[in-house]
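Novice: Add chains R and E to chain A, keeping to what the hints say.
Chains as they are written, first to last, in our numbering: chain A, 50 to 404; chain R, 263 to 762; chain E, 3 to 248.
If you are wondering where the hints come from, they were derived from the structure by calculation, not from laboratory data.
Yeah, the Cβ is synthetic: ideal placement off N, Cα and C, and Gly gets one too.
Each hint should be verified, as a subset may be incorrect.
[What the hints assert, rightly or not] Quick look at which bits of chain E chain R covers, simulated, 3 or more residues with Cβ under 8 angstroms:
| no. | segment |
| --- | --- |
| 1 | 136 to 146 |
| 2 | 166 to 179 |
| 3 | 241 to 247 |
[Unchecked claim] Part of the chain R face toward chain E, derived, beta carbon under 8 angstroms:
| no. | residue |
| --- | --- |
| 4 | Val337 |
| 5 | Glu390 |
| 6 | Pro391 |
| 7 | Arg395 |
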Amino acid sequence: MCSILGIVNASGKLFSASSIIEGITLMNERCNGLGGGFAAYGLYPEYKEYYALHILLKDFEQKDRVEEMLKEHVDIYKDEEIETRNVQGISQDYLPWRFFVDVPERYAHDADNYIIDLSMKINDTGNALVISSGKNMGVFKAIGYPDQVAKLYKLEKYEAYMWLAHGRYPTNTRGWWGGAHPFSILDCSIVHNGEITSYGTNRRFLELYGYKCSYFTDSEVLAYLWDLLVRRHKLPIDVASEVLAPPFWEQIERMPGEKRRIIEALRITYGPAMVNGPFGIVIANSTGLTGVAGNGTMVGLSDRIKLRPLVCAQKDDYTFMASEESAIKAVCKNPDIVWAPGAGKPTVATVTGDV
Amino acid sequence: MYSSVPEFRVLIDKQRCRLCKRCIENCSFGALEWRGDKVKAFDDRCVACLRCVSMCPEDAITLRRTPSDVSAHPVWTENARRDVFTQSRTGAILLASTGNELHESIIFDHLLLDACQVTNPAIDPLREPIELRTYIGRKPRSVEFEAIGDSIKLKTELSPALRLDIPIMIAQMSYGAISLEAHEALARAAVMRGTTMGSGEGGLHKNLYPYSDHIIVQVASGRFGVHPAYLEAGAAVEIKIGQGAKPGIGGHLPGTKITDEISEARMIPIGADAISPAPHHDIYSIEDLAQLVNSLKEATRYKKPVLVKIAAVHNVAAISSGICRAGADAIVIDGFRAGTGATPKVIRDNVGIPIELAIAVVDQRLREEGIRRETSLIASGTIRNSGDVAKAIALGADAVKIGTAALIALGCTVCKRCYTGKCAWGIATQDPKLRSRLDPADGAQRVSNLLLAWSIELKEILGAAGINSIESLRGNRDRLRGYGLDHTTLEILGVQHAGS
Amino acid sequence: MRIVANYKHYKELNEEVVQAIKNGAAQLTLEDVNGQRFIADCLKGKLKIDIYGTPGNDLGMFMDGPTVTVFGNAQDGVGNTMSSGKIIIHGDGRDIVGHSMRGGKIFVRGDVGYRVGIHMKTYKSNVPIIVAGGRAGDFLGEYMAGGIIIILGMHNTAKKTEILGDWVATGQHGGAIYVRGEVDDSKLGNGAAQFPMTADDEMTVKKVLTEYCRVFGLGLDSVFETDFTKIAPVSHRPYAALYTCE
Chain A
50 MCSILGIVNA
60 SGKLFSASSI
70 IEGITLMNER
80 CNGLGGGFAA
90 YGLYPEYKEY
100 YALHILLKDF
110 EQKDRVEEML
120 KEHVDIYKDE
130 EIETRNVQGI
140 SQDYLPWRFF
150 VDVPERYAHD
160 ADNYIIDLSM
170 KINDTGNALV
180 ISSGKNMGVF
190 KAIGYPDQVA
200 KLYKLEKYEA
210 YMWLAHGRYP
220 TNTRGWWGGA
230 HPFSILDCSI
240 VHNGEITSYG
250 TNRRFLELYG
260 YKCSYFTDSE
270 VLAYLWDLLV
280 RRHKLPIDVA
290 SEVLAPPFWE
300 QIERMPGEKR
310 RIIEALRITY
320 GPAMVNGPFG
330 IVIANSTGLT
340 GVAGNGTMVG
350 LSDRIKLRPL
360 VCAQKDDYTF
370 MASEESAIKA
380 VCKNPDIVWA
390 PGAGKPTVAT
400 VTGDV
Chain R
263 MYSSVPEFRV
273 LIDKQRCRLC
283 KRCIENCSFG
293 ALEWRGDKVK
303 AFDDRCVACL
313 RCVSMCPEDA
323 ITLRRTPSDV
333 SAHPVWTENA
343 RRDVFTQSRT
353 GAILLASTGN
363 ELHESIIFDH
373 LLLDACQVTN
383 PAIDPLREPI
393 ELRTYIGRKP
403 RSVEFEAIGD
413 SIKLKTELSP
423 ALRLDIPIMI
433 AQMSYGAISL
443 EAHEALARAA
453 VMRGTTMGSG
463 EGGLHKNLYP
473 YSDHIIVQVA
483 SGRFGVHPAY
493 LEAGAAVEIK
503 IGQGAKPGIG
513 GHLPGTKITD
523 EISEARMIPI
533 GADAISPAPH
543 HDIYSIEDLA
553 QLVNSLKEAT
563 RYKKPVLVKI
573 AAVHNVAAIS
583 SGICRAGADA
593 IVIDGFRAGT
603 GATPKVIRDN
613 VGIPIELAIA
623 VVDQRLREEG
633 IRRETSLIAS
643 GTIRNSGDVA
653 KAIALGADAV
663 KIGTAALIAL
673 GCTVCKRCYT
683 GKCAWGIATQ
693 DPKLRSRLDP
703 ADGAQRVSNL
713 LLAWSIELKE
723 ILGAAGINSI
733 ESLRGNRDRL
743 RGYGLDHTTL
753 EILGVQHAGS
Chain E
3 MRIVANYKHY
13 KELNEEVVQA
23 IKNGAAQLTL
33 EDVNGQRFIA
43 DCLKGKLKID
53 IYGTPGNDLG
63 MFMDGPTVTV
73 FGNAQDGVGN
83 TMSSGKIIIH
93 GDGRDIVGHS
103 MRGGKIFVRG
113 DVGYRVGIHM
123 KTYKSNVPII
133 VAGGRAGDFL
143 GEYMAGGIII
153 ILGMHNTAKK
163 TEILGDWVAT
173 GQHGGAIYVR
183 GEVDDSKLGN
193 GAAQFPMTAD
203 DEMTVKKVLT
213 EYCRVFGLGL
223 DSVFETDFTK
233 IAPVSHRPYA
243 ALYTCE
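Chain A on its own, in the form it takes in the complex:
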């Protein structure tokens, strides 16, 4: 059991962290203090040309080592400690650092994959954790309740046009900073409620495409699957959702011709990418839909037999996606519309405004 919440402004208007903090805190009942985290999009407008690497380090000495490693691969434009404060109940296991980096000219044609490979390389060292690596976005996470984590990272200082939040109740891995959500690959972040039963199948499928799963947690696998399907294979979001949470064969049999052919092909090809077991997820990335321009997309999705809750709401140009309606009501008393999306049916909100 975990709590998830996402808020996005379709016009790209920046808003403070207060609402995401308030909303996620209302669901503290769903977590146990062993992990909290946030992802924010639109954080670094003045550095938006650079990949912003948020890295959790053991100490300053290790920071130097990571910096050396980075220098071998990328140009560091700027780096600084991610400001934190002491919060009662949170032990500062890590030193969070941010690097704004650029990919050398000769790798520029495949810069995104280059950054992903670099992040996985750093994670592989086992001592430093790249917790996000997209442009103009960042992930903040630690052990603690989400509100404590927000305090730790002084989130009140940040503004973003799209926020994700997570409160963790760890099940299959211990509570540690690296295991907290959101999980992120490049600019794609995911918060997840549930425990997937297909982890081994999914992980081994991802390995076929060059992904290394180093966090041993199902949420990491979800982030990579989304990256594979949406960024690399360029599947439209509703199609990618049908890979993660496909219709049942008996439902497929009732579909009209071309639709049926498509879903059959998806299930045959991506069978091992199907995510089994209970999940409710909110995914964010800083691009538009496949084939549609945009500065961000937020997708809410639950498993195909709806074993985890997900409620969505809209108010003007804001869209909310949460484990519980009350989390939305905590920050938006009178939404224009509140609804519970169908099992396996994605709810999509796109940022069309400038950011």
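Specialist: The following block gives chains R and E in isolation, referenced to the frame of chain A:
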């Protein structure tokens, strides 16, 4: 002579016996004869097929195993001594049926499945849908679309695949090794449960053609009955390189079994020996296999998957990689416990490796080479129950094949005398009188029942593990634990020990 | 009596409710409720509780008698294992409304979620009843062993077209589901089938809906403009042939 000491003793209760002679009619091994006023048993001819026991209306017959105890020796077991005696008497290769009898330890029995408690829910298979549908064949790397206005159209073309409603197929057993009635029963069961059966290497009797979209036609080294109509009829074509019960060994169906109907199906003269060479004489290396795969694809106009079956031998991973790269849409791996109608006992008991290890290493090897999606893996060789099916799939198989289990469903009592052709249950025989004992419709129903029961149990296993589709169990070794397996075995299986 | 829930933890809020009842309050109004769980949990007797806001999960769990009215939407698990009483929701209900419910009534004005009425059962004179004015998600009345579910599919707020999800009444072995309008057989799960409405069925539905319409101020005639479909179990022992032994 020691070797004539009977293995079984037939006891007939004289109080109960009403002298109806039904047992005598039923014994195809000549172990019972009428002597004036009573049924006399010749124990040394009894193979414990249990036909007489089942047919006796008075339950008057009891079989006892090994009535004469031999002096015990841990190395010179009774079997070891018996084999030496037999060979010293005849100077011939020991013939055996069924599967490996030497290795009792079965890895499947040391693998434990997982279930959900609290952190995620078990799914109730009786109420909620759980899917077993399986596609056998090459899968594309990705699916591509083209946009047409607001809608999308599929651009990727899928390779031909076998669509199975359940991940359990019926293995290749030839007409000749088994009776036409058994062949037909298996084919009908495959149709009933939405799966396939294998023609075996003996061609296809015309009575089987109506079921041919559920039959995988085999092309073996003897090429018996392989002709255009045969290739066109099958749902898929399977090249048999070897089988688990006799890796590297050819086959020999004696001319005495080549009846006119078998002659027609195999396209060889009546009474002539049907010899399957040990290798295909057009395959002396891997590139030759590619040639045969491609010629079969060409012959079937690229509409049917081509499978390649091999015995699990030591180097099975590298061999499978080569087979995959030769274009096989699926690889059937037959473990060293697999059954057969006839094989040299020394080969059966001593050659090959267990299917559990074979599947694990092949799956892993193909993944490491990034070609796992290009072929399906089918595991066979002692799949005894739905637990074995689930474990084989979790280790990495796409589906399994069953042979012996299907024959047991038809009535086989595992008396291990298939090679005699005297099967009292009408299965491994061509004797019209014995064949008439097996009703294809009834047999089909029993095999179908077995497949149904295992399917329901598989759903229970999946549901308990919180999985509602078989593809999420496939290769999911995280949901297995070993129990009492050594470190090396666990490492090869890619499975953790229970408790970790 | 009025209690403002505001941001109180559910323990604090529910304690106040329990104390108020101990002090003789029979009518309570809870305001600014948002996400507090277990409201009216295990409460007994003739109480009236009005809730403004969005109560949290397991509203009215184990409840035996009170009438709870929600002016808003409810979250998951409304009326979980409840024995008797009434829960009225002026908005939507979410997943597992009436899970294992044994008696009482749950009236929802809008939509309900997945697995509504799952394993609800009848015991002696207790017949649980769920009515939803909107649509219902998949697995409606799963393992249903008794009671009545009525789905009206009327004021549909969620832009959905179909009244029912898939696998309706799968594993049903008791009780009845009445759906306003026609139902495609492909919607039904194993164990359930459509049956013609009998005079008794008509009477039952009319009686329940008369009360339902009164509660929400709806016109009964407009509800009956469309015919109802009855879904009931094929057998009380659907799994009799499932197991075997030697």
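Novice: Now, for every hint given, state plainly whether the structure supports it.
Specialist: Status of each hint after checking the structure:
Only when three residues or more bring their CB closer than 8 angstroms to a CB of chain R does the claim for the segment 136 to 146 of chain E stand; here the count is 3, and the claim holds. For the segment 166 to 179 of chain E, the proposed coverage by chain R is satisfied: 3 residues have a C-beta within less than 8 angstroms of a C-beta in that chain, meeting the threshold of three. For the segment 241 to 247 of chain E, the assignment as covered by chain R holds, since 3 residues bring a beta-carbon within under 8 angstroms of that chain's beta-carbons and 3 suffice. Restraint check, Val337 (chain R) versus chain E: the minimum CB separation of about 37 angstroms is more than 8 angstroms; hint violated.
Annotation: interface hint on Glu390 (chain R) holds; nearest CB of chain E at approximately 7 angstroms, less than 8 angstroms. The interface hint given for Pro391 (chain R) holds, since its Cβ lies 7 angstroms from the closest Cβ of chain E, which is under the 8 angstroms cut-off. The interface hint given for Arg395 (chain R) is broken, as the beta carbon of that residue sits about 17 angstroms from the closest beta carbon of chain E, more than 8 angstroms.
In summary, the structure is inconsistent with hints 4, 7 from the numbered list given earlier, while agreeing with the others.
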